[in-house]
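One letter stands for each residue in the lines below.
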Amino acid sequence: MKTAATMIATTLLTALPLVGSAAQVKLDVSLANPVLIAGKKQTTYLKVGLTGFEMEGKSKRTPANIAIVIDRSGSMQGDKIKQAKEAARVAISRLNGNDIVSVVAYDDTVSVLVPATKASDREAILAGIDRIEAGGSTALFAGVSKGAEEVRKFLTRDRVNRVILLSDGLANVGPDTPGALGELGSSLVKEGISVTTLGLGLGFNEDLMSLLAQRSDGNHAFIEHSKDLVKIFNYEFGDVLSVVAQEVLVTINCAEAVRPVKVLGRQADIAGQNVVASINQLYSNQEKYLMLEVEIPEGSVKKPLDVANVKVTYANMSTKTTDTLTSAVAVRFTESEEQVVQKRDKVVLEAAVMQVATERNIMATQLRDEGKVEEAQKLLIFNAGYLQQQAGELESEQLDSYAGDNRDDSMNLDASSWKARRKSMRDVQYKNTTQRSY
Amino acid sequence: MKRRLVFILGLIVLLPLTVLVGFGIAVARQEKARAQSRYEQVLVGRLSDINSGIAKLVEVHQRELLQILELPTFEPDRIRAQVRTSRLARQLFVIAPTGDLLHPQKGGVLTAEERAFLERTESLWESGESFWIPEEIAATSKKRAIKGRKRVIRANDSGWHTWFWGEGLRLIFWVRRPTGHIVGAEVERAAMMSDVIAQLPVADYTRTPLPKGRIVLVDAQSRPLYQWGAFQPAKGTLPTVAQNLPAPFTAWSLHYFVPANGIGAALGRSAIFNIVTGLSALALSLIALATYFYRESSRDMHEASRRVTFVNQVSHELKTPLTNIRMYAELLEQRISEEDKRCRSYIDVLVAETQRLSRLITNVLTFATQRRGNLKLHPKTACVDSVIANVIASFDPALRAMGIEVVLEGKADRPVALDVDALEQILGNIISNVEKYATQATTLRLHREQHAGTTVVTVSDDGPGVPAAQRDTIFRPFVRLSNKLTDGVSGTGIGLTISRRLAMLHGGTLSLVPTASGATFKLTLKTPEANA
Amino acid sequence: MKILVAEDDRLTRQGLIDIFQDEGYETVAAANGKEALARFAEAVPDVVCLDIMMPDISGYDVCREIRRTHDAVPILFISAKSEEIDKVLGLEMGADDYIVKPFGVKEVIARIRAVTRRHARTQKFGEEPFTIGDLEVLPDELRALRDDDVIELSVRDVSILKLLAGNRGKVLDRDTIFNTCWGLDYMPNSRTLDQHISQLRKRIELDPKHPAIITTVHNAGYRYE
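Chains as they are written, first to last, in this note's numbering: chain A, 8 to 445; chain B, 202 to 733; chain C, 21 to 245.
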């Protein structure tokens, strides 16, 4: 943040003005190019970064309200269900008496094995998990609905409300399209419930699972081998247990001449000069960001241009207040190309490049889905080259690594490896767009 | 005999049983149908309970939606903010009293979601049919509506509207403001569905009054959306009962599946059990009764047949001493001098009596044989006249003693196929009757005719004859003429029966010919001429 | 002529033997099936009279056994049951005739003569017919003919007539006739002979009171003139 971006972090202390700044989300609004060439319409990226504060001691963390929804359809038989149960057991051992947990299992019907209960009632919960046996079809929508219903029983704003879905299959009873599950996610997130979807093995519908997670602002991860299940579950719980802010609403009000083009990666509403996006949860010491592509009108060297005002409201889990942060960002113009390059914000650029490259990766996935294998391959190779070049310029290991990923992707488009590759691509896409921590 | 009895007894058991089983089945069917309908009522009742739960949920949703639609202003940003926090609303819209869409405004500054909404709902706006106007009003005021765009306005009117787009049913809930503005929400279908599902019981829901069953919530295409209950119906099974969901989910319905055997089992079991038990008891008692009768009568039959067998054996045993008496009497007769008349007459009595005894025995045995159905003839070449001569000869002493003259008329001397023993027996029986009953007779006339394979022998006496009333009965077994004449005369009463039977076996008849006086028996036998 | 009488009832057996001896047959008696077979083997009779119901071996089996070696010897069955006749005939055991109990002497004689006649005919004993008075005696037929009349004769009758005819004009004393026609071992009884002659006369003489064929020589015997 050595750039000259103006940052005004005003805390409107609506409830408790005495709370220290340590318990505030850090808002960082910056442009990829704070200095642009004068006299020319250009586009650049505006990044709204939000970093969760550190919770004060473990006991003070936000209590969780979690529904673990486990697919117990026939395909889960054997090691998968065993690992799933183990993962659930391990995860539950991390909860304490303030947390609420429920366990739902579904095949073609849904069973609430452990209705929402305090996590201290460990024996009943573990007994419920033990009762899970695999067999039958996959009523995924119903399973999530029932999980959400359990969460709803103790749905309060000062808890992290989450459904963790673990499935290895396709939804085949009830609504079974990504769209329908996406809608469910959209509606749940408005209630403050996120759904994390953990896809196990190669059988699940990653579009459906990732869309459900994305719309509800939960996590999505692809777990190829059931032995990794416990680890991933643990990560997810780590996230859940480190939530510091929720219901984060980011409003970007662009200046009159500035046109908001699009938000990369995330869902956002752009209406005129206004861009509104929500981020359900912020985790302690983790940054989540919104990347907006903006079109800057012609400017003159002498006159800096205000680009946008940013307002963020969120529920502070530490203070139990709704806090508001505001910030604004402006751009300066120069005649010198050199200066533009010199002044550019490499961190923001890196993130922007990441998002652009991810969008390309998504497009490549779509091409491959349409059977356009060669086009997909070309695009991936191009993407890899683009990343490679940017990595060099920006000295970014992250970009370099993603270049390698894209190159690998391009070599795994054949039918035999596509199924698994697609899932890992979706996984990475998801990680990139939502800044998943694991 | 025995088989017939078994058949009749079987009939006695089976006939009423069949009728009753038929009746029972009918009753059971009726009972089952009644039980089924009662059962279905119970099922329908359960579905109704579920539906009323869903209806309540819809009410809650409506209230929630009404709250959402209470927008203080129609500012786009305000509306957008409302959408962001309303889980039930995917999009909101406002229609001006003029019928124009105020928000989201076509061509206005819109978010991507709003543009998508316009795309989804395009058909609603294009069709010109305003769903917020009740149909009947729409129909009557169509003209006026076109002219003056005046509408019957009712404040706080609200309603649901459904249409299909993309993945299926979509819902709109709208409310009319007093200002005439229509404020509506495109309902987040998945949220409502999720709520409905969340409200429905889980798989192992145990408070169902019925042991096994499966309730499935299906969409318009009968695809299952949600299901519960421990029963797994086979694919393609039709639901036992079904019910549509309340508005606005009328396209969906609840299907209740129960195992086929569970229907009768739940309610009809006791009735069917009663019927089956009753029928079984009846069948058992009928069978017991039939068995009792069968035992009794077969014991009787057994007893009778044992008696017959006994008589048979005794009769056979009698034959040997009888042979000896007769043989030795005859041998004695040969040795006695012609002069010793008295001695000779005694021997004649001995011989005649052995012959009579032998006839009796033969009749008894023939009767027994006939009863067993084994009576057979053994025709061989013989001459009727010589048989008659033999018979007459054997009766000669007795008839002479009674002063009866034997007159032979006609002739039957051709060699024919004849059962000599049968003919002897028949004639013996007839003549012995004369000997027994016609004590005052003076003449015994035997007329013989033979032609074309038939022999007719008419035996007539000038005795008292057979009373008219008994002419029909004398050929029946064990019938004896029970008048004074028979007093003190022994006999088994089977002689004529046997004789007639033998005549019939011989292809002929034996009958009593009605005559003015005396008794005349006409014997006809089929006697094919013996070749060569 | 020799006849085997197999009958388990002693009295019947004895009566039959008497009848047959009167007829002029030599007799062999057997009280059961086994004995019947033994006697048959020893004596080889010309005729067999066989009771069906015998305690050890039935008449059927005896018949069957005899038929194995001698298919020509005539067999007359005695039965108490008329049903058994079926078997006798049906089994085609080669029985020649049967009589059913209770039977009379005349019936027995008639049957045995018929059987013997048939047997004699087939065996062709070769006894030539001869005449005595106005009778033509046919020994093989056990018959005598007078014009169209047929007179039934017993074996003994034939032998008596043959003796007389062969000694025409001679007085034959009772011992001679006995020895010739009855056999030496027959206990002589004057009344037996006289009665037999008397019976025979009844059949062959036109006037039995004044016999023309067999005349009585007082205190000497009989003579054919």
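Please keep in mind that the hints were generated in silico from the structure rather than gathered at the bench.
Given the structure is predicted, the values throughout are model-derived calculations rather than measurements.
The reader is advised that the hints may include incorrect statements.
[As the list claims (entries may be wrong)] Simulated DEER-style distance windows between Cβ atoms:
| # | chain 1 | residue 1 | chain 2 | residue 2 | range |
| --- | --- | --- | --- | --- | --- |
| 1 | A | E342 | B | H382 | 36 to 42 Å |
| 2 | B | I537 | C | T196 | 22 to 28 Å |
| 3 | A | N179 | B | D278 | 23 to 29 Å |
| 4 | B | N445 | A | I369 | 37 to 43 Å |
| 5 | A | N103 | B | H382 | 50 to 56 Å |
| 6 | B | A227 | A | N179 | 44 to 50 Å |
| 7 | A | I369 | B | H382 | 25 to 31 Å |
| 8 | B | P273 | A | N179 | 42 to 48 Å |
| 9 | C | E172 | B | M603 | 27 to 33 Å |
| 10 | A | E231 | B | T451 | 41 to 47 Å |
[Stated by the list, open to error] A few chain B residues that don't get close to chain A, going by computed Cβ distances all over 12 Å:
| # | residue |
| --- | --- |
| 11 | G211 |
| 12 | L218 |
| 13 | A256 |
| 14 | V284 |
| 15 | V310 |
| 16 | R424 |
| 17 | Q433 |
| 18 | A461 |
| 19 | A484 |
| 20 | H503 |
| 21 | S538 |
| 22 | C544 |
| 23 | N575 |
By construction, the Cβ of each residue, glycine as well, lies at the ideal position given by its N, Cα and C atoms.
Each hint, compared with the structure:
1. A:E342 with B:H382: 36 to 42 Å: violated, 54 Å
2. B:I537 with C:T196: 22 to 28 Å: Given about 27 Å between the Cβ atoms, the range holds.
3. A:N179 with B:D278: 23 to 29 Å: violated, 41 Å
4. B:N445 with A:I369: 37 to 43 Å: Holds, since N445 of chain B and I369 of chain A (Cβ atoms, about 42 Å apart) stay within the stated range.
5. A:N103 with B:H382: 50 to 56 Å: holds, 51 Å
6. B:A227 with A:N179: 44 to 50 Å: holds, 46 Å
7. A:I369 with B:H382: 25 to 31 Å: violated, 41 Å
8. B:P273 with A:N179: 42 to 48 Å: Between P273 of chain B and N179 of chain A, where Cβ atoms are some 45 Å apart, the hint holds.
9. C:E172 with B:M603: 27 to 33 Å: holds, 31 Å
10. A:E231 with B:T451: 41 to 47 Å: holds, 45 Å
11. G211: holds, 55 Å
12. L218: At about 48 Å from chain A, L218 of chain B clears the 12 Å cut-off, so the statement holds.
13. A256: holds, 18 Å
14. V284: At about 9 Å from chain A, V284 of chain B fails to clear the 12 Å cut-off, so the statement is violated.
15. V310: violated, 4 Å
16. R424: violated, 8 Å
17. Q433: violated, 8 Å
18. A461: Fine: 20 Å to the nearest Cβ keeps A461 of chain B off the interface.
19. A484: Non-interface label on A484 of chain B holds, nearest chain A Cβ at 46 Å vs cutoff 12 Å.
20. H503: holds, 68 Å
21. S538: Fine: 121 Å to the nearest Cβ keeps S538 of chain B off the interface.
22. C544: It holds; C544 of chain B is separated from chain A by about 116 Å at its closest Cβ, greater than 12 Å.
23. N575: holds, 76 Å
In this structure, the earlier hints numbered 1, 3, 7, 14, 15, 16 and 17 are contradicted, and the remaining ones agree with it.
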